[in-house]
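Enquirer: Residues per chain, in single letters:
2 protein chains.
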Amino acid sequence: MSEVSLRFQTGAPQNLEQRFASRAAGMLPSEIRSLFAVASRPEIVSLAGGMPNLSALPMEMMAGVVKDLILNNGAEALQYGSGQGHPKLREQICDVMALEGIRANPDDIVVTTGSQQALDLISRIFIDPGDVVLVEAPSYVGALGTFRQYEASVVHVEMDMNGLVPDSLRNAIKSVRATGRKIKFLYLIPNYQNPTGVLLPAERRTEILSICREEEIFVVEDNPYGLLGFDRPSPNAMRAEDSENVIYLGSFSKTIASGLRIGWALVPQSLKDKLVIASESSILCPSNFTQMTISSYLANQPWREQIASFCELYKVRRDAMLESLEEYFPKEATWTKPGGGFYVWVNLPPEIDTKAMMPKAIVAKVAYVPGTAFYADGFGSWSMRLSYCHPTPERIREGVKALGTIVKQEMSRRGSELK
Amino acid sequence: MSEVSLRFQTGAPQNLEQRFASRAAGMLPSEIRSLFAVASRPEIVSLAGGMPNLSALPMEMMAGVVKDLILNNGAEALQYGSGQGHPKLREQICDVMALEGIRANPDDIVVTTGSQQALDLISRIFIDPGDVVLVEAPSYVGALGTFRQYEASVVHVEMDMNGLVPDSLRNAIKSVRATGRKIKFLYLIPNYQNPTGVLLPAERRTEILSICREEEIFVVEDNPYGLLGFDRPSPNAMRAEDSENVIYLGSFSKTIASGLRIGWALVPQSLKDKLVIASESSILCPSNFTQMTISSYLANQPWREQIASFCELYKVRRDAMLESLEEYFPKEATWTKPGGGFYVWVNLPPEIDTKAMMPKAIVAKVAYVPGTAFYADGFGSWSMRLSYCHPTPERIREGVKALGTIVKQEMSRRGSELK
Chain A
-15 MSEVSLRFQT GAPQNLEQRF ASRAAGMLPS EIRSLFAVAS RPEIVSLAGG MPNLSALPME
45 MMAGVVKDLI LNNGAEALQY GSGQGHPKLR EQICDVMALE GIRANPDDIV VTTGSQQALD
105 LISRIFIDPG DVVLVEAPSY VGALGTFRQY EASVVHVEMD MNGLVPDSLR NAIKSVRATG
165 RKIKFLYLIP NYQNPTGVLL PAERRTEILS ICREEEIFVV EDNPYGLLGF DRPSPNAMRA
225 EDSENVIYLG SFSKTIASGL RIGWALVPQS LKDKLVIASE SSILCPSNFT QMTISSYLAN
285 QPWREQIASF CELYKVRRDA MLESLEEYFP KEATWTKPGG GFYVWVNLPP EIDTKAMMPK
345 AIVAKVAYVP GTAFYADGFG SWSMRLSYCH PTPERIREGV KALGTIVKQE MSRRGSELK
Chain B
-15 MSEVSLRFQT GAPQNLEQRF ASRAAGMLPS EIRSLFAVAS RPEIVSLAGG MPNLSALPME
45 MMAGVVKDLI LNNGAEALQY GSGQGHPKLR EQICDVMALE GIRANPDDIV VTTGSQQALD
105 LISRIFIDPG DVVLVEAPSY VGALGTFRQY EASVVHVEMD MNGLVPDSLR NAIKSVRATG
165 RKIKFLYLIP NYQNPTGVLL PAERRTEILS ICREEEIFVV EDNPYGLLGF DRPSPNAMRA
225 EDSENVIYLG SFSKTIASGL RIGWALVPQS LKDKLVIASE SSILCPSNFT QMTISSYLAN
285 QPWREQIASF CELYKVRRDA MLESLEEYFP KEATWTKPGG GFYVWVNLPP EIDTKAMMPK
345 AIVAKVAYVP GTAFYADGFG SWSMRLSYCH PTPERIREGV KALGTIVKQE MSRRGSELK
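These protein sequence lines are chains A and B, in that order. The working numbering numbers the first residue of the first sequence as -15 and each following residue consecutively. The working numbering numbers the first residue of the second sequence as -15 and each following residue consecutively.
Okay, chain A solo, but in the shape it has when bound:
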């Protein structure tokens, strides 16, 4: 049966766009989207994705966890649950956060369908069209997309190799306020940031918290990678130092399994009720089944050791990437040296357009994400994000080698054009 015959036409398609809400204009595909279809072909070495590597997760064990859950608690696991999230899991989340110095009350936690949903709900509660959200430069592409849908005006704040620069934050606040606009919050990823892999040191955390408290700007601390430090533990979470002005987002996507879609927000008490209501309106309740899978896993399995296995797995991949960048990339390129997480950020000479270079990379069987995806303002054209989380170390070396060749060709081509 052809595609056409499947459609039961009753009239001409209507002009939908005229009937959309104004916010729908911001519902645009990200630069990463079209890329991922190509990058997922098996012959391509994908340094583009941020998919966790599940090869260290014992599937026999997980199968046992879910089987026992249904046999022992099926009637609860397969039923609607609480809009705020499963009470036992919220207690266990407190134990997980304690590893990063956070003391929290389970009642201040709202469990979400991945931390992306928490980001969406926080945006829904705070952002009126035109409100300003401050973000790192560059920042997480999924957050930029959400802020755009709520018609926020995104203002990037300068980073260096130690993360967000406090003085730049002060200046950004001043210049935004000079234009009369409201700043709703500062969104940042202090640990092994996406896309740069950079870590914000403890003293900068304190300084940024103090600036934001003083200026009455919330800090939205997104922390999916905090437990994935390779060589030493990350500094305490910012939320550990400030429970009233920090909205903390956590996730099990990188420490257990992303396919369960369980994240959470830990919020100041005064915000919790609104957040639960917003979440119920959005999804009624998160899945009891996936929440209780995580709860049972945390209760009965050696989860700290499992995170250590993930760290080991990612560390050898990070090493493979840094070594091969050193070996195959031109001396004009610079890159970050992440101490954890999934990503390396590469700056090339400014004459290189990493987006325009993509098709050549794909032909050479390697994919990455062009830097512009991580900026709301068109910046980043000579940068790229390389992720080392998923391929084997051998494939990473192969991919970086191929990419280094392309970059060098591109530099010499641009060099001769400029002569």
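Take the hints with a grain of salt, since some may be wrong.
Which copy is meant is left open, so a pair is good if it fits within one copy or across any two.
Within a straight-line C-alpha distance of at most 30 angstroms, the following computed DSBU-like cross-link-like pairs (lysine-lysine) qualify [as the list claims (entries may be wrong)]:
#: 1; residue 1: Lys349; residue 2: Lys72
#: 2; residue 1: Lys339; residue 2: Lys256
#: 3; residue 1: Lys72; residue 2: Lys51
#: 4; residue 1: Lys339; residue 2: Lys315
#: 5; residue 1: Lys315; residue 2: Lys158
#: 6; residue 1: Lys256; residue 2: Lys299
#: 7; residue 1: Lys349; residue 2: Lys166
#: 8; residue 1: Lys158; residue 2: Lys72
#: 9; residue 1: Lys51; residue 2: Lys158
#: 10; residue 1: Lys321; residue 2: Lys51
Since the hints were made in silico from the structure, they are not lab data.
With chain A fixed as given, assemble chain B onto it according to the hints.
Expert: Using the frame of chain A, we list chain B on its own:
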């Protein structure tokens, strides 16, 4: 450790409300919310909830399904998936919808975290503050909450024992447009409606579709209960008759298990891309694990027979409720006679305030939902929704008997007050 010592205070709580977006004013608890905490106590016969009854679902079978899924496909099931939803599940959803006469292309389906998320995303795409959404009178409380968060103006359209009245729809459209407001869509539940249990007959479906096409108003057809007809199959879905002007919402919450949180939207092709982008911004992707659980269940288990078992289970409960209403309720009360689904709607004499009567019912160990919860405009004060889906037939009889006594007492009390 006390509650207080768990909180690490760093300053006075800020006045949050001043910083909320204007839409946050609409994030209010529903009337049902506070009720559910009370109604879930074991000594109370809850005729309030809409939780499906899982006692007919074989847990050994479900445990086998999830165990095999992880063993055979764990690396995919526990990983991020497609924003649009798992391709195989989208094909199977077409088979499920075919039971109600729908011919669809899997590419026009977006899988969501319960159909509530689909409702949220459709609202996000279409509703600007002040836009009108037409709904049945009464309508689903969760839909009303979502429309309120997007600052829609909800206009109720009259129903009778055969559902939405087409002439009332014509009048509502005319009078809304006379005020210059935009109507974005008509939201309705044609099968065993929540909260009334009423079925919209085939000829009215056709007439309503024709009105909406002519007036260029989308129909959002929410159909969680369509396969739960007790005596005969439901009429074809409205989407079966009109693929261009109907946005169809489906759910596995009532036919498989609500705790998996899997629903879907089937939309006109021109709408699909926006819907996927909105969903990615909201949750990145639905859970591969719960999607593949459903997919594997549909592929390997006798799911049509399972739905028939659910119908049998609900039918005896519906009968118990209708019989005991007949036996225990005063002759002045009237109620619907649902042919499927979960709910009976009861109208009492107008001097009865069902919300004010609730505490007395709770004392008599029975709970229901007051009618005002299902109206955006304060109407419904002498009505109530009774659900028969969850308790045993014996408990239903016990609950309806206790409630009948309370209603009669209330009528005689109000009667003597009015003398």
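Enquirer: Against this structure, judge whether each hint is valid.
Expert: These are the hints, each one checked on the structure:
1. Within a single copy, Lys349 and Lys72 get their C-alpha atoms only as close as 46 angstroms, which misses the 30 angstroms cut-off; across copies the closest is 28 angstroms, which meets it.
2. In this assembly of identical chains, Lys339 and Lys256 lie within 30 angstroms of each other by CA distance solely across copies; the values are 26 angstroms between and 41 angstroms within a copy.
3. In this homomeric assembly, Lys72 and Lys51 come within 30 angstroms of each other (Cα to Cα) both inside a single copy, at 19 angstroms, and across copies, at 23 angstroms.
4. Only within a single protomer do Lys339 and Lys315 lie at most 30 angstroms apart by alpha-carbon distance; the minimum there is 21 angstroms, versus 75 angstroms between protomers.
5. For a Cα distance limit of 30 angstroms, the shortest separation of Lys315 from Lys158 qualifies neither inside one copy, at 38 angstroms, nor across copies, at 71 angstroms.
6. In the homo-oligomer, the alpha carbons of Lys256 and Lys299 never lie at most 30 angstroms apart, since the shortest distance is 37 angstroms inside one protomer and 40 angstroms across protomers.
7. Neither within a single protomer nor between protomers do Lys349 and Lys166 lie at most 30 angstroms apart by alpha-carbon distance, with minima of 45 angstroms and 51 angstroms respectively.
8. In this assembly of identical chains, Lys158 and Lys72 lie within 30 angstroms of each other by CA distance neither inside one copy nor across copies; the values are 44 angstroms within and 52 angstroms between.
9. When the C-alpha separation of Lys51 and Lys158 is checked against a cutoff of 30 angstroms, the pair qualifies neither within a copy, at 56 angstroms, nor between copies, at 56 angstroms.
10. Neither within a single protomer nor between protomers do Lys321 and Lys51 lie at most 30 angstroms apart by alpha-carbon distance, with minima of 41 angstroms and 40 angstroms respectively.
Of the numbered hints listed earlier, those contradicted by the structure are 5, 6, 7, 8, 9, 10.
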